[in-house]
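S.K.: Residue numbers (our numbering), protein chains in the order written: chain C, 1 to 608; chain W, 1 to 392.
Keep in mind that a hint or two might mislead.
Claimed, not checked - DSS-like mimics (lysine-lysine), calculated; alpha carbons at most 27 angstroms apart, straight line:
id: 1; chain 1: C; residue 1: K93; chain 2: W; residue 2: K267
id: 2; chain 1: C; residue 1: K93; chain 2: W; residue 2: K49
id: 3; chain 1: C; residue 1: K93; chain 2: W; residue 2: K185
id: 4; chain 1: C; residue 1: K95; chain 2: W; residue 2: K159
id: 5; chain 1: C; residue 1: K95; chain 2: W; residue 2: K267
id: 6; chain 1: C; residue 1: K90; chain 2: W; residue 2: K72
What the hints assert, rightly or not - Pulled a few chain C residues facing chain W out of the computed Cβ check, cut under 7 angstroms:
id: 7; residue: E10
id: 8; residue: R13
id: 9; residue: L20
id: 10; residue: V38
id: 11; residue: Y494
id: 12; residue: V496
id: 13; residue: V499
Claimed, not checked - One side only, chain W facing chain C, incomplete, derived with CB under 8 angstroms:
id: 14; residue: A304
id: 15; residue: Y310
id: 16; residue: A314
id: 17; residue: V334
The hints are simulated quantities; they were obtained by calculation from the structure and are not laboratory data.
The beta carbon of each residue, even a glycine, is placed where N, CA and C say it ideally should be.
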Amino acid sequence: MPHGETIQHELSRIRLILALMAGLLVLLVGFLFDLQVVRGHEFEESLHQQSLRRVRLPATRGRIFDRNNVCLADNQPCYCLAFYLEEIRKPGKWKNTVAEVQQRIQMLTALVGRKPAITEDDIWIHIRRRLPLPLVAWRSLDPAALARLSETSCDMTGVEVYVEPNRSYPNNELAAHLLGYVGKADFSEDDMAGYQYYLPEMDGKMGLERKFDSVMAGVAGGRLVRIDATGYKHEEQIEREPRPGANVILALDSRIQCLAESAIRDVPGAVVVLDPNTGDVLALASSPTFNPNQFVPIVPKALWDRLNTDPARPMLNKAVAEVYAPGSIFKPVTALAALNSGAVSAGTVVNCPGYYMIGSKPMRCWNSAGHGIVDLRHGIEQSCNVYFATIGVKCGSEAIADMAMQFGLGVKTGIGLDRDAPGLVPTPEWKRKAWHDEWRNGDTCNFSIGQGALSVTPLQMAVVAATLANGGVVYRPRLVLGLRDVNGTAITNYPVVEVRRVPVSSSALHAVRQGMYDVVMAPTGTGKHARIPDVEMAGKTGTAEYGEKEDRKKHGWMILFAPYDRPRYAVAMVVDDAVSGGQTVGPRLHGLMMGIYGKTDAAGREGG
Amino acid sequence: MSEGLSNLGLLRRMNWIMLVAVIGLIVTGVFFIYSATSLREDSTSDLFKKQILWALAGLVCYLGTAMMDYRKLRDVAWGFYVMALVLLVAVLFFGTRIYGAKRWLMFLGVGIQPSEIAKLAVILLGACLLSPPAEKFDRLPSLWKLFMLAGIPMLLVIKEPDLGSGLVFLPMVAAMLYAAGAAVKPLAMVIGGGVLAVMLVLAAVALPERLGMTPEHQETFFQTIHLSDYQRQRIEVFLQPGKDPMGSGWNKRQSEIAVGSGGLTGKGFLKGTQNILGFLPRTVAPTDFIFSVISEEKGFVGSAAVVVLYGILAVCGLYAAMVARDKMGRVLCVGIVTMIFTHAFVNMAMTIGVLPVVGIPLPLVSYGGTFMVITLFALGLIQSVYVRRQGL
């Protein structure tokens, strides 16, 4: 093609592009003409004569039940008085609207009978961040106030009684650490980019409420209502049904949970009851506790500050998030490690003169007079430190660390709660890294009797107790059985999870269990205070020192399982500032087990 | 020095009508940004002052580029393109996340949108590649080469995610190829493919069953093409206006009410009762939805006037293409005009509900520094082509 022709060809293409653009712009002007001039009066009318109100229909939050269908977290209708700021909007600056809202609040205060829960700042925040949602000025209106409001002659345009489901915890403190609580949802800036209309007003802030927030929240719906100048609603057409959230079914037994909480109500501590055959968490309590009802819908600041500065840390779930030295309750693990290594047998005897020499330094047994000649069964029953230091050194720290990890110590239990602490199983390698120091015999001795760097959570020790009880199977603690929809149909079932079988011989396990039987059932057993009539139980007590040198305190521990032959309950309890495991925790476990076996009346008194 | 003076002299040959249209749009923008933000008592209320500063900076660029010989850009086109790519990659890593998308790079306290720079870079590179200096007009680089070169920044922009801005690349490149004399058949095939892809996305959003897609397939598909939930919602609302009248549908409807209630002559400056800010996410009113404010307050007269101003820009720009001294100038002008036109058309069409809501600004009018400067820079290039036109 000659050059000139090519250019002509290209120029004609450019003309075509221009024509296309011009056509599109003419089309656009046509649309504008149609919208603004031809149909303009429709929109003008729709502005002057009526307004559309978007009414949000909140979704019902899923409820939480225990294994016997006892409701632990419920919803209560809460009557609120709300302002629709888009309708109250005054011309000009938003300042005018805020003033108008404040004026109306003042008028309505007389009718409602109390001051509103919102300040001028709240109104501003609402305008900036959640304008299309109703601004709730009063919550929990009583029937008298509702009646006065329905008969008032005040200007009620843009004001409406609005029913909001409010979270309530029917048993107050019961299982508070597990359930957590809900609070006003924070919209992040990212949410604002989309459309916040269906975002939940409340979200879970802690515990199961937070973990299962997405399944329990449901999805809000909404309807469009046409409102004329007199406030009359013309059409009420549901545009989108709210979708309720799923119910959560716990493995918890609220009766046992209640008993467990009473057992430690007066002392800081924690207690866990597991079903050793499944790993089901029947009770998991931490003391002191809090009442989640006081947190809904907004935590009062004074309460929040008090709870968070309290040295006993009521907001902390000590059963999973706090680590302790286990002390002597660790000895069954040491015994199994020693038996398994072949270094000792159940018949191996040790002479306890009341101390054990580590090099040239004596380590004292708790009984300074000495236990004399002890075998495994006596060693466990009497919790003889010399015996365990001896067998621990014989089998070595690696064997003990390995057995401890087989029992699930040193790693998270996988219960699925926040801050599931892993604890620590010390090894020579760990000590080199953390302390830049060699592992010595003294470390092995300390480790053997559950002291030193070893740290565990109460839940981990309950898993140890359950594993000793069921013959060596470590189950993952199961807190939630499943999710159900509102009709009760199963959405999800969480299976029993067997983590591993601890590789120990049945004879070794039998020997250790016999020792633990004597701890509770023998007249001289350290855990005899836990004994209850008619039920054979086995356990192990422990006492671990903590705190500053000048102000040494003791944690009292006890693990327990019952009945001895076919265990149904495996328990671990720890209490701060105890005299000893046997004397402080024993009687508390006695009370708990009496309750579990129905040997006490409702008031906790023991029957004839 | 003498070259500088003679360049200054060239400015007298500028297309003054075009300059008047440009200034008209900028002034309109400043006024209505003021209107859209004056009712707010927060920090956005001085946006119009910032916009004036950006416009002044942009106009300096405009005059600068008009004086500069556009043919010199041949030497820097590749460098500019690579720099744009680097910025686009950088924004993915170091970008500031504002409202869910990483589109801004903060540089000395100023936010830059690399996606806008990339558009100009692709236009420059395209103009160079499509006009070989050896005057071998029949030896065009293959379509694919240019589509690939445009495709890389386009995908990076979509990944930010900024689907609307990313899609602008398509008509831009297509128009440049067409104007450069590319064979219509392969071009149509590529464009047809693009249209088909868009249709596929729309169908996947609206009619997954027809395509035999299970919800899982649908999820995977959207993840693969980086279509976010809110983009899906907007497309759904556009295709099925009744679907979500409370959420995204509400905004579309309110925007229509705002435009419609403006009537023939509007409610008057600063008197828009619909108050665009009340129902739209507060960031977009002075930016992407500024046309809605203009239409409400100035009515059909005002909105049509804005459309006419863009028409003048298109006519002047394409006229510059036709009288250009060489092919590079022609292609350059076509690319720039198409970029600005696409932005303007899509933005205005979405405001009145004719197209789905995509977040792209109205050139020269919407608030936004990078885009203002880039647009004026680009329009300056058109003047640079025009003042060096043939037959002088």
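S.K.: Now tell me if each hint is right for this structure.
M.R.: Results for each hint:
1. Restraint check for K93 of chain C and K267 of chain W: satisfied, since their Cα atoms lie roughly 17 angstroms apart, inside the 27 angstroms limit.
2. Straight-line distance between C-alpha atoms of K93 of chain C and K49 of chain W comes to about 19 angstroms, which keeps the hinted pair within the 27 angstroms bound.
3. With a C-alpha separation of about 57 angstroms, the suggested pairing of K93 of chain C with K185 of chain W is violated against the 27 angstroms cut-off.
4. The suggested pairing of K95 of chain C with K159 of chain W is violated, with an alpha-carbon distance near 40 angstroms, which exceeds 27 angstroms.
5. A C-alpha spacing of about 22 angstroms is found between K95 of chain C and K267 of chain W, which places the hinted pair at or below 27 angstroms, so the restraint holds.
6. Between the alpha carbons of K90 of chain C and K72 of chain W the distance comes to roughly 57 angstroms, so the proposed pair goes past 27 angstroms and is violated.
7. Here the hint on E10 of chain C is kept, as its CB sits about 5 angstroms from the closest CB of chain W, short of 7 angstroms.
8. A least Cβ separation of about 5 angstroms between R13 of chain C and chain W falls short of the 7 angstroms threshold, and the interface hint therefore holds.
9. Given hint, L20 of chain C at the interface with chain W, is violated; its Cβ is 9 angstroms from that chain's nearest Cβ, farther than 7 angstroms.
10. The interface hint given for V38 of chain C is violated, since its Cβ lies 10 angstroms from the closest Cβ of chain W, which is over the 7 angstroms cut-off.
11. Given the 7 angstroms rule on beta carbons, the hint for Y494 of chain C is violated: about 23 angstroms separates it from the nearest Cβ of chain W.
12. With a cut of 7 angstroms, the hint placing V496 of chain C at the interface with chain W is violated, because the nearest CB-to-CB distance is about 29 angstroms.
13. The interface hint given for V499 of chain C is broken, as the beta carbon of that residue sits about 31 angstroms from the closest beta carbon of chain W, more than 7 angstroms.
14. Interface restraint check for A304 of chain W: the shortest CB-CB distance to chain C comes to about 5 angstroms, inside 8 angstroms, so the restraint holds.
15. With a cut of 8 angstroms, the hint placing Y310 of chain W at the interface with chain C holds, because the nearest CB-to-CB distance is about 7 angstroms.
16. Taking 8 angstroms as the C-beta cut-off, the interface hint given for A314 of chain W holds, the closest approach to chain C being about 5 angstroms.
17. Hint status for V334 of chain W relative to chain C: holds, with the closest Cβ pair at about 6 angstroms, below 8 angstroms.
The structure shown violates the earlier hints numbered 3, 4, 6, 9, 10, 11, 12 and 13.
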